[in-house]
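For the protein sequence lines, the chains are L and R, in the order given.
For the record, in the first sequence the residue sitting at position 97 is 97 according to my numbering, with numbers rising by one throughout.
Remember, my numbering sits 146 above the position in the second sequence when you count from 1.
Keep in mind that the hints were calculated from the coordinates and are not lab data.
Treat the numbers as computed from the prediction; the structure is a model and nothing was measured.
There may be inaccurate statements among the hints.
Non-contacting residues of chain R with respect to chain L, defined by C-beta distances greater than 10 angstroms in every case (computed) [claimed, not checked]: (1) 174; (2) 175; (3) 180; (4) 248; (5) 260; (6) 357; (7) 408; (8) 409; (9) 437; (10) 438; (11) 445; (12) 446; (13) 449; (14) 458; (15) 459.
Here's a subset of chain R near chain L, in silico, CB distances under 7 angstroms, partners left out [said to hold, decoys possible]: (16) 163; (17) 165; (18) 412.
Simulated DEER-style distance windows between Cβ atoms [unchecked claim]: (19) L:15 / R:295: 43 to 49 angstroms; (20) L:15 / R:413: 30 to 36 angstroms; (21) L:43 / R:182: 39 to 45 angstroms; (22) L:97 / R:241: 40 to 46 angstroms; (23) R:437 / L:133: 55 to 61 angstroms; (24) R:263 / L:110: 39 to 45 angstroms; (25) L:114 / R:180: 31 to 37 angstroms; (26) R:241 / L:66: 48 to 54 angstroms.
From the three backbone atoms N, C-alpha and C, an ideal C-beta is built for every residue, glycine too.
Given next are the chains, with one letter for each unit.
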Amino acid sequence: MSRFFHFRKSSSRLGPLEQRLLGALWERGTATVRELLENGCEKLAYTTVMTTLDRLFKKDLLTRKVEGRAFRYQPRFTREELHREVAGAALRELLDSSPGATLPLSYLVEILTERDAQLLDHLGDLVEAKRRELRAGTRQRSEERG
Amino acid sequence: MFALRGVAVTLSVFLLVYGGLSLVVAGSWRRLRRYAQGRARREAGLLFGLRMLPLLTAAAITLAFTVPSFVLLEPRAVDEPVGAAPLLLSLCGACLGVFGVVSAGKALRRARQAIARWTKEAQLMNTDAPVPVLRISGSVPPMTATGIIHPRVLLSGTAEFLLTPNELQMALNHELAHVRRHDNLKKLLLRLLALPGMGALESAWLEASEMAADDAAVSNMREALDLAAALLKVSRLAQVEAPVELTAALVRTPVAAMHARVERLIEWSDESPSRPKPLWPWVVLGAGLIAVFVGAYGHLLVGMHAATEWLVQ
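The whole structure should be built from the sequences, with the hints applied where relevant.
Okay, structure coming up:
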């Protein structure tokens, strides 16, 4: 229980480099500092990557085991699990921030409705663009034949 | 006493197999799902099959081994006591069964009430669909397939007005795919077999079944875009009312859940699907299993009887 509490608190504040290295580890599954430097993190210093991974380990987001003279790191949670936890932590913080529970909930419903409408508009635009593309392709083919 | 012992043993074995396999399925379905990901029909079939696997296996073991081993090998003694474990297990099994029946009954009643409300002033539409299509007076549900024994598709006048003829046809194709795949019956089965810890698997199946119905409804890019446009138009109406159990609505809230469906349709490929794999390896495997089963049946019955004796004592 305390592990999850710590995880929730720490994971909601990830720096850009921490996010980048965590992303690289999700893609690779497991990696050592050397392997990360050789694949995609070439411009970073060894000590920077090492310190950042150590920080992620202390935040309970990574596990590690000794491999020779180095550590092999592995994400403790999947990308989806982390997203869910971060979103949950943010929502809990929002709900705790107000003396009345219904006020933040009403904001949330308002924002969700707004986001739903935006999402539908965006998807509608994508469908229309694809339809135009399809019509243009059909017209071009018929012109080539004609 | 003999009959009571028989019922207790049968229900206990059923519950042990059902519960054990359910735990295995709940812990492994996400990994197994990867083998079918990207092919919605196969994924939906796999997920539903996994959900049904504990029940079917438990029923098969009970009917093929437990009951015959008890009837054939158990002495007809009336004074043999029944241990606390089989009594408790059979009681749990009976409670699970009653809970499932009550839960399915409630879902059926809610669905029946909702359908009766929706179809109060419904009119039969003239379509070439294999099931009746009714135009309902309200605006919600915009489009939904209802019924298990006598399926019907309900369409609201508002949805009919909003959709173009092609979009309407694709939306109807989607609902007819649900009818052909007996999705409402499958939902009823899920209610009947309600079990804690299976919610995520059931949600994943629901999502995959919607995508499978999308795939079955369209056959080219133009049709895929028509269905995507229909989904978008209808989802603006569907937000008014929450979906009703045991019905197959064209869109389900929240909108974010529909995002993936529309994106799949936009990325539709006109390439012909890969040819289905031959069935003969499965037929050979099945025949081999049946041969082993027939050859070893006597030994299996004796083994099962020994196991149930241990359970009773």
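Taking the earlier hints as the rules, which of them does this structure contradict?
7, 8, 16, 17, 19 and 24
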